[in-house]
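Student: This is what each chain is made of:
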Amino acid sequence: NAGVTQTPKFRVLKTGQSMTLLCAQDMNHEYMYWYRQDPGMGLRLIHYSVGEGTTAKGEVPDGYNVSRLKKQNFLLGLESAAPSQTSVYFCASRVGPPDEQFFGPGTRLTVL
Amino acid sequence: EDKVVQSPLSLVVHEGDTVTLNCSYEVTNFRSLLWYKQEKKAPTFLFMLTSSGIEKKSGRLSSILDKKELFSILNITATQTGDSAVYLCAVAGGTSYGKLTFGQGTILTVHP
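Just so you know, the sequences run in chain order A and B.
Under the numbering used here, the first residue of the first sequence carries the number 259, and numbering increases by one thereafter.
Under the numbering used here, the first residue of the second sequence carries the number 177, and numbering increases by one thereafter.
The following block holds chain A by itself, in its conformation from the complex (with noise of 0.2 angstroms):
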């Protein structure tokens, strides 16, 4: 049992470069989320996913893309890069309630 893995961990871009990200899950979990972490703010929503098929915008979505066409993976799309979106990229999911969200291990991104 993987939990939550994300694809790739690292990777370095140049402005208006386009990438996908990978996150898989094998716990059957409906629900899926991708955040970005940027020093001193935490994490931000930036899509979310509450079913196979399904996505929807979070807080921070400008930028960004993302589709869930199996239920176990959830890509997050950059189609032309910007040095503001040099961060760490997590994927969560979650199975429903309770509330606690299981994240993968994170993929640091820059945008040169």
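Because the hints were derived from the structure by calculation, they are not lab data.
For clarity, every value in this text was computed on a predicted model and none was experimentally measured.
Fair warning: there could be bad hints in the mix.
Below, a sample of chain A positions facing chain B; criterion: calculated Cβ distance under 10 angstroms [unchecked claim]:
1) Ala-260
2) Tyr-291
3) Tyr-293
4) Arg-302
5) Lys-328
6) Leu-336
7) Asp-357
8) Pro-363
Where is the CB? At the ideal position from N, CA and C, for every residue including glycine.
Use these hints to put chain B onto chain A, whose structure you have.
Tutor: Coordinates of chain B only, in the frame set by chain A:
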């Protein structure tokens, strides 16, 4: 807008000391408050406190929730160097999708 504020932002102690971390919140339709420990990588779950469970204890860690005054504290007794980490407080409100609002985190450093 939901808000979570943690204090202090950083704390340096010596092994054996007792520490108290604070978390205050403003959230619509409060449902639960969660504490996570983050050591370099993924946040790991410590406690969840709700209206029906306002005090939790696990070994040297304990936490209480004051729903009237809208705050929680996390106590760590007889600290060890392995307790060094960022401690995150998060609150779940009344939305059905389980959004967590995080505080900035408290960086705890325990010296030998």
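Student: May I ask you to test the interface hint for Tyr-293 (chain A) with respect to chain B, counting a Cβ-Cβ separation under 10 angstroms as satisfied?
Tutor: holds (8 angstroms)
Student: With chain B as the partner, please determine if Arg-302 (chain A) meets the hint condition of a C-beta pair closer than 10 angstroms.
Tutor: Since the shortest Cβ distance to chain B is 7 angstroms, the answer is holds.
Student: Less than 10 angstroms between beta-carbons is the criterion; does Tyr-291 (chain A) satisfy it with respect to chain B?
Tutor: Given a least distance of 8 angstroms, the restraint on Tyr-291 (chain A) holds.
Student: Under the criterion of a CB-CB separation shorter than 10 angstroms, is Ala-260 (chain A) in contact with chain B as hinted?
Tutor: violated (12 angstroms)
Student: Let's test the interface hint: is any C-beta of chain B closer than 10 angstroms to that of Leu-336 (chain A)?
Tutor: violated (21 angstroms)
Student: Please verify that hint: Lys-328 (chain A), Cβ, nearest Cβ of chain B, below 10 angstroms or not.
Tutor: Violated, about 19 angstroms.
Student: Checking hints one by one. Is Asp-357 (chain A) an interface residue toward chain B, by the C-beta closer than 10 angstroms rule?
Tutor: holds (4 angstroms)
Student: Min Cβ distance, Pro-363 (chain A) to chain B: is it shorter than 10 angstroms?
Tutor: Given a least distance of 5 angstroms, the restraint on Pro-363 (chain A) holds.
The structure fails hints 1, 5, 6 (numbered hints given earlier, in ascending order).
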